[in-house]
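Here the protein sequences come in this chain order: A and B. For the first sequence, position 370 (counting from the first letter as 1) is numbered 370 according to our numbering, and the numbering increases by one without interruption. To convert, count from 1 in the second sequence and add 1000; that's our numbering.
Bear in mind the hints are in silico, worked out from the structure with no lab data behind them. Be a bit skeptical, because a hint or two may be false.
[To be verified] Here are the simulated lysine to any residue pairs, SDA-like style, with alpha carbons at most 25 Å apart:
(1) A:K274 to B:Q1124
(2) A:K274 to B:G1136
(3) A:K281 to B:M1131
(4) A:K281 to B:E1121
(5) A:K369 to B:I1063
(6) A:K281 to B:G1127
(7) A:K281 to B:D1114
(8) B:K1152 to A:I283
(9) A:K281 to B:G1073
(10) A:K367 to B:S1062
(11) A:K367 to B:V1014
(12) A:K274 to B:D1114
(13) A:K281 to B:V1147
(14) A:K367 to B:D1064
(15) A:K281 to B:P1151
(16) B:K1152 to A:P364
(17) B:K1009 to B:E1181
(18) B:K1072 to A:L291
(19) A:K369 to B:D1058
(20) B:K1072 to A:E426
(21) A:K274 to B:G1127
(22) A:K369 to B:I1050
(23) B:K1072 to A:R292
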Amino acid sequence: MKKVSLEDALARELLVVGYIAARQTGFRPSNLRRSIRNVKFTKIIYTVIFSFYIALFSLFTSFKQIGFGVFAVSMLIFAMSGLSVSSMMTPLSYAIYGSNNIRDFLLSTSLDAEQIHRLVGKAIFKTVDYIIYGTLGVSLIMSIIFKEFYILFSVAMGLSLGMLLQLAALELSYMRSRSMASSVATRSAVSLLPIVFLIPIFLSGTLYRLNLSSISSFYFIPPLSAAFGNSLHGAITSFFWIAVFGYGIYRLIPDVSWKLVSGPPSAFFPTLAKRVSNEWKIIGSKTLALLRADFQAASRSLLGALIGGPLIVFLVILMNGISSSASGALTFTLGIEMAYLSIMIPYAFYAMEMRGASALRMLPLSKVKIALPKLLLLLITYYLYEGSLTVVMLIKHASILNMLPFLIGFFGPAASIPMTGIIFEETLKSGGSPTVMLTMAFFLVSAIIVAVPYAVYFLMEFFRLGLFNSIIAMLITGVLEFIVLMFLLSLYD
Amino acid sequence: MQGLSYVLKVDKLVVKYGDKVAVNGLSFIINEGEIFGLLGPNGAGKTSTIRAIMNIVDYQGSIDLLGKGRPKGDLMNSIGAVMESPALLESLTVKEFLELVASLRNVNDTQRLDHLIDAFELRQYLGNYIMNLSQGNKQKVAIVAAVMHRPKLLILDEPFNALDVKAARIFKEIIQNHKKEGGAVLFSTHIMEIAEKICDRITIIDKGSEVTSGPTHEILEKLNAGSLEEAFLKAIHAEEQIKELTEAL
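With the hints as extra help, turn the sequences into a complete structure.
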């Protein structure tokens, strides 16, 4: 019989439970062997994707004509590295919900607490080992090739801070809150910590204009110090911060690992009951009832980050708009960013419902009815985002015509909702285990679906076919996409 | 539909997970005012059959609820189900979850909801997150959610799992009242004592296929068995095997 080390088995269990989410949906994976293979495949795919981006951004260093300076490249590499460990460790948080089994199993063995700490700690590391080796390896090679050691420091800084923030988020989620306000604050902090890494990416439009000399007095602040990694003082400072973060990880891992296998986090599921009235609040509208439950569940879930995250990024984009001089290109870039951002919230709600999918399947809800609350939410979010941007642009004396396609083109983003519904139905069919290919397909297809109506508008405008005709063509394309996808979704009933 | 007496008709049902066949050509009918037992050992295909009826897994064959076809959309309001592992939204509180179910099922009779909550002693847990409930209390929440709207068909998959004696007794009374009111019950279990007491008709399945089927008393006579447990073991040819295995111990 082939021997499997306990730490390997634990790492696999934490990842498989997290990714499959089988116990959350109530669905059994139809092919467990494939689901387990998927986990390993996911690690490899993530490693390849993030290593590729780090290599790509590093290349900017040698192509000065692109216009990205050392500071911007360093921040982008830092953000990518942080996101890589962060996204790989997020499923660990979901694994918590199914981890009682791991704890019970470990306690039934002859292992003592110290050994269990060590084993789970190693298992946590194994969830991100490929990413760490891959991105560090690529950055080392790029640093040597280009003789730009800030690349290596930026990656190391991103990885260490990403891991530290995720561990801190997990640690924080176990803190007992004494009041509802502190409970909400804790939940928000836990959900939003990893979002830190998205900010440099969305600020890249501003970052690329900054050069090292303009921020040289801040070289000692992480993660800025990584950008000064080519100089001795920058390298020493970066090394110091990476060591500090590393020490933090070293201290947090044993504690977090024990908590991970000891039960659900108190910040999300306080053992104290909520005070409730005896009056039943039954809503006549199924759409609003489902929307209320989605919000209730979102407020207690790490998936809340998917809601809080876009809101923060929305503010970042808005600030970007305020600080930049208005132009047609800028309006277009920010408008399309807002459109993509708005579809993330309905996506988060679908993901939320997937965790109780078998419960929902037992209720009188068609697939179209499940999609309706998301549509309502998207409508509000979309016009909040695009409306705010329009106000900013108008204040900056930009032409309203630049914003027109975004103010009218709601149906492109709306079509992404039935598309998401279809992706989730396919996911459930395979036992609640979203495959890497399926997730990638979602992002790719959604990107196309959202963009097509806008593209039609701009193409018509480019060929000077008239504003009215462009708007009508855009509307027809969006509505067609929406109707066809809604019909396809209804076939899953 | 006038003159219709069956509530659920399952015909030549096949459920597959990849290459593995979980249910192989199963057929049965459940009539109004009838408690139908679907019995079988672990892994026989009982839960897969129920998942197919609930439209949770893909299947071949036909499933007809109340002459209106496959259960889906609004037709799901004619079903109430208690699954082996309670299917609940764990991050909601008990009250939030029941309010969601009541809203989606158009339940306006809050008095019945209050009676059910009190009968299963859940009032003190209304503000608790479902995630933090004991298995027994989760099962009680699932039962309340399943019966609050007075469905035509109750689907019960090992419903007495983790229930305390009092709650189990109350639930048995609810099942009997449901039957008297003309409702139908699909009762799946491997606990023969309960099945023998409450089922009018049973089908025993093993390895996804039907082994025997008929009214409970007829099966006992046909297999010359003193109890349903004995009949069950005879039907799946396990008696000899058990003897050999226990002797080896």
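Structure-based check of each hint:
no.	hint	verdict
1	A:K274 to B:Q1124	holds, 11 Å
2	A:K274 to B:G1136	holds, 20 Å
3	A:K281 to B:M1131	holds, 21 Å
4	A:K281 to B:E1121	holds, 20 Å
5	A:K369 to B:I1063	holds, 23 Å
6	A:K281 to B:G1127	holds, 14 Å
7	A:K281 to B:D1114	holds, 13 Å
8	B:K1152 to A:I283	holds, 23 Å
9	A:K281 to B:G1073	holds, 23 Å
10	A:K367 to B:S1062	holds, 21 Å
11	A:K367 to B:V1014	holds, 24 Å
12	A:K274 to B:D1114	holds, 18 Å
13	A:K281 to B:V1147	holds, 18 Å
14	A:K367 to B:D1064	holds, 20 Å
15	A:K281 to B:P1151	holds, 21 Å
16	B:K1152 to A:P364	holds, 14 Å
17	B:K1009 to B:E1181	holds, 20 Å
18	B:K1072 to A:L291	holds, 21 Å
19	A:K369 to B:D1058	holds, 21 Å
20	B:K1072 to A:E426	holds, 17 Å
21	A:K274 to B:G1127	holds, 4 Å
22	A:K369 to B:I1050	holds, 24 Å
23	B:K1072 to A:R292	holds, 23 Å
Comparing the model with each earlier hint shows no violations; every hint is respected.
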